[in-house]
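First to last, the sequence lines map onto chains A and B. Here the first sequence is numbered in my numbering, starting from 213 and rising by one per residue. Here the second sequence is numbered in my numbering, starting from 36 and rising by one per residue.
No wet-lab data here; the hints were simulated from the structure. In this text the structure is predicted, and so the values were computed from the model without any measurement. Among the hints, a few may not be true.
To be verified - If you want a taste of the chain A side facing chain B, the calculated C-beta under 10 Å gives, among others: (1) Leu225; (2) Pro261; (3) Met264.
Claimed, not checked - Distance windows between CB atoms, simulated: (4) Gly259(A) - Asp342(B): 47 to 57 Å; (5) Ser642(B) - Ile217(A): 46 to 56 Å; (6) Ser642(B) - Asp253(A): 51 to 61 Å; (7) Trp270(B) - Lys310(A): 20 to 30 Å; (8) Asn595(B) - Ile245(A): 58 to 68 Å; (9) Ala312(A) - Ala560(B): 27 to 37 Å; (10) Met36(B) - Gly318(A): 31 to 41 Å; (11) Gly318(A) - Asp637(B): 49 to 59 Å; (12) Asp637(B) - Gly259(A): 46 to 56 Å; (13) Ala224(A) - Ala560(B): 56 to 66 Å; (14) Ile217(A) - Phe380(B): 50 to 60 Å; (15) Ala224(A) - Arg675(B): 42 to 52 Å; (16) Glu592(B) - Gly321(A): 52 to 62 Å; (17) Thr590(B) - Lys310(A): 32 to 42 Å.
Backbone N, C-alpha and C fix where the C-beta goes; we use that ideal spot for every residue, glycine too.
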Amino acid sequence: MRYAIPLVVLLALLGLFIFGLQRDPRLVPSPLIGKAAPVFDLPTLDGQPPHMTQADLRGAPVLVNFFASWCAGCQEEHPYLMQLAQDHQVKLLGIDYKDAESDLRGWLGQHGNPYGQILSDLEGSLHVNRDQAGKPLRLLIDRLVR
Amino acid sequence: MIPELGHFAVILALGVALLQAGLPLLGWRRRDARLLAFAGSAAQAQFLCVAAAYACLTYAFVTKDFSVAYVADNDHSQLPLIYRITAVWGAHEGSLLLWVLILSGWTLAVSIFNRRLPLDLSALVLSVLGMISSGFYLFILLTSNPFIRQVPAPAEGRDLNPILQDPGLAIHPPMLYMGYVGFSVAFSFAIAALITGRLDAAWARWTRPWTTAAWMFLTLGITLGSWWAYKELGWGGWWFWDPVENASFMPWLAGTALIHSLAVTEKRGLLKSWTVLLAILAFSLSLLGTFLVRSGVLVSVHAFASDPSRGRFILGFMAVVVGGALTLYAWRAPRLSGGGELQLFSREGLLLFNNVFLVAACAAVLLGTLYPLALDALGLGKISVGPPYFNAVFLPMIAPLFLLVGLAAVVPWKRGHWRETVRRLKRPALAALVLAVVLPFALHGRTTLLAASGALFGGWAIVAAAQDVLRRIRAKPHWRGGVAAVPRAVWGMTLAHIGLGLWALGVSGVISFGDEKDVRLARGAETELGGYSFRFEQAGETAGPNYTAQQGTVTVERDNKLVATLYPQKRLYPSQGTVLTQSSIDAGLLRDLYVSLGQGYDDGSWSLRVYYKPVIRLIWLGGVFMFFGGLLAASDRRYRLARAAERRAVEAVEAAAA
Chain A
213 MRYAIPLVVL LALLGLFIFG LQRDPRLVPS PLIGKAAPVF DLPTLDGQPP HMTQADLRGA
273 PVLVNFFASW CAGCQEEHPY LMQLAQDHQV KLLGIDYKDA ESDLRGWLGQ HGNPYGQILS
333 DLEGSLHVNR DQAGKPLRLL IDRLVR
Chain B
36 MIPELGHFAV ILALGVALLQ AGLPLLGWRR RDARLLAFAG SAAQAQFLCV AAAYACLTYA
96 FVTKDFSVAY VADNDHSQLP LIYRITAVWG AHEGSLLLWV LILSGWTLAV SIFNRRLPLD
156 LSALVLSVLG MISSGFYLFI LLTSNPFIRQ VPAPAEGRDL NPILQDPGLA IHPPMLYMGY
216 VGFSVAFSFA IAALITGRLD AAWARWTRPW TTAAWMFLTL GITLGSWWAY KELGWGGWWF
276 WDPVENASFM PWLAGTALIH SLAVTEKRGL LKSWTVLLAI LAFSLSLLGT FLVRSGVLVS
336 VHAFASDPSR GRFILGFMAV VVGGALTLYA WRAPRLSGGG ELQLFSREGL LLFNNVFLVA
396 ACAAVLLGTL YPLALDALGL GKISVGPPYF NAVFLPMIAP LFLLVGLAAV VPWKRGHWRE
456 TVRRLKRPAL AALVLAVVLP FALHGRTTLL AASGALFGGW AIVAAAQDVL RRIRAKPHWR
516 GGVAAVPRAV WGMTLAHIGL GLWALGVSGV ISFGDEKDVR LARGAETELG GYSFRFEQAG
576 ETAGPNYTAQ QGTVTVERDN KLVATLYPQK RLYPSQGTVL TQSSIDAGLL RDLYVSLGQG
636 YDDGSWSLRV YYKPVIRLIW LGGVFMFFGG LLAASDRRYR LARAAERRAV EAVEAAAA
């Protein structure tokens, strides 16, 4: 009987691999899922209202997108955001990250503005997670905003 | 036209391999010597077919035939000739063709050297090899054909991945495949033993040189891969515990265990079914490695472009080959267990311990490699397993092996004697203790626990291994006669064990005393590291055959004396738009000085990564020692003599039967 043990181990491994083949190991779920929305209090770009906090988002789902005029990835994903805005499926909130206001206005003039509201985080004070620097980051915040 | 010939040659090779797999089996059932003898001819014909196919693909690369999709993806008109030849195995499809070329090369070698074996055993071994080859030809033809044309042909190729344009990589895959594939011979011998039910000392003696040969190539392949990653990737490390590295390391551990258990089976007729299982395991782990690298089930730094159909095929193939082998094992192995008693304190007992630790270490590596996948399968989340796990689990598990290396050299077969053992190991133990205390201070002026234990274990392995040979030489009146009297197998074992000791010295030294620094230096500025001062002199432009580069000049001084001038580069390969850092290394036995170029700034300063890597060369030197140890052991004359004697016996029996 003990001579069949290797065969049993092999069968278990094969089962594991059959499962593995149907998965993409590169898909990693965000660690932020199910977490509370980040706390912030930031000035708006157009000054109406002058400030917004996370509490102002309550009531409807909001797609929060960190972006900047210097970020190449943001430019790449921008057409998709423009399309989302045209379809009116979700409210879009932009957070302009470590940027200069004049650069941002020029960038929006050139590429279009999909955002219902833009907040300026010029110093990069808002940290959602450590890996965010330099990368576009999107958060979908549901209507309950804990 | 030429690529089509290559394609056709692969189809032909598949046909021959199927015949090579099937007819000898039939011959074995019918006791038909002609069908049995067919296996050897088929093996030789098969090799011709694959060699032709391989030559065709190489021709397409050398002549830059971009109408072949695989060539267009991996070749470029500016690529130097040597890399056009090595680019053949630069990606998935061509590397598989190299794989089958090597597999049929091993098969050819078996068909030539096995002439001295009993005909039925030799034919069964070749038949199993034919089955394995058939699977790989099908894999190539169904999912990974390198000869497919693309119309219209692009005007320019997409170039070989620049990271692969390096001499280290040019020889790393062939050596690695020689090892992986070589274990298929031991596997086939094991299957033949299970089928015939004959497993005796002669079987072990036939299997040993093949296993040792495969093992030594695998050792060299892994060593080269480690060295290449160190010098080419600019990160200064030599092992990352990446799934693909583990995939090559697991067969190595199983193969090392197999080499040692084969010795017991040959000398004492013990551990038979265990040896057979290890032979199956070593090759199965090679197949597993192929699966992990090419299917994309794990995230790895160097997985091939993944394609689910390939993954499914190899998985199915693995299920058939390994599943078939283990089923046969479950059915037939109970008959192999021969009698004979095993004393734990004897050479065979110590070798058994060696096997336990090696297989446990192998299992630990397997567990760590597959753990993320298993957790995901059980719905327990996504994690990754990295160096902290492997270092914490693996190093303690192999530490006892060093103790065994010293003991095994002096403990005789059958029964050891404590008093005699202690008497003969007193001096090596003392020497190792002295080394453990003195060596770190002598080289670095300070010590750490790891450095001291590394010196203790490494020094012990080296001194204890060497003293066995010294004792044999001293037993002769003249040292020259003594050197000649030591069999090659003993030289081989000693060299390999010394290699293991060197490896331990290297690993513990570089981890304990290695240092690194990220600095931004203006022209003429200096930084200190490991007692050396690195001065950034200037940066300029330079160009190679297919790249342009920015090159920094760094002079290294110690005590105001110039030690080295280093030229790290940052290369731009325009064909793929890839930027690569080419580090510059001043190599020495006791220390490497390593500089890689980061980013340039407007004010003329550059960011540099500077490493001081003491004794890192010993890690690869250990691998080289093991390679030559294997070479000596596999070429021991007793295999040749024994074969000749056995051949005469076999001929006598066959003549009597006729």
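Would you check whether Leu225(A) satisfies its interface hint, that is, whether its CB is within less than 10 Å of any CB in chain B?
8 Å, holds
Is 46 to 56 Å right for how far apart the beta carbons of Asp637(B) and Gly259(A) are?
36 Å, violated
Can you let me know if the beta-carbon spacing of Ala312(A) and Ala560(B) is within 27 to 37 Å?
Since the Cβ atoms of Ala312(A) and Ala560(B) sit about 31 Å apart, the hinted range of 27 to 37 Å holds.
Does the CB of Pro261(A) sit less than 10 Å away from some CB of chain B?
Constraint on Pro261(A) not satisfied, violated at 40 Å.
Do the Cβ positions of Asn595(B) and Ile245(A) conform to the proposed distance bound of 58 to 68 Å?
Hint holds: Cβ distance 59 Å, inside 58 to 68 Å.
Hey, does the Met264(A) contact hint survive, CB to chain B under 10 Å?
Violated. Min distance 34 Å.
Evaluate the given range 20 to 30 Å for the C-beta pair formed by Trp270(B) and Lys310(A).
Given range 20 to 30 Å: holds, Cβ gap about 28 Å.
Status of the given 56 to 66 Å range, CB of Ala560(B) versus CB of Ala224(A):
59 Å, holds
Is 42 to 52 Å respected by the C-beta to C-beta distance linking Ala224(A) and Arg675(B)?
Check passed, 44 Å falls within 42 to 52 Å.
Looking only at beta-carbon atoms, does the pair Gly318(A), Asp637(B) fall within the given range of 49 to 59 Å?
23 Å, violated
Whether the CB-CB distance between Gly259(A) and Asp342(B) falls inside 47 to 57 Å:
Holds - the Cβ-Cβ distance for Gly259(A) and Asp342(B), about 53 Å, lies within 47 to 57 Å.
Assessment of proposed distance window 31 to 41 Å (beta carbons of Met36(B), Gly318(A)):
58 Å, violated
Comparing the model with each earlier hint shows violations of hints 2, 3, 6, 10, 11, 12, 14; every other hint is respected.
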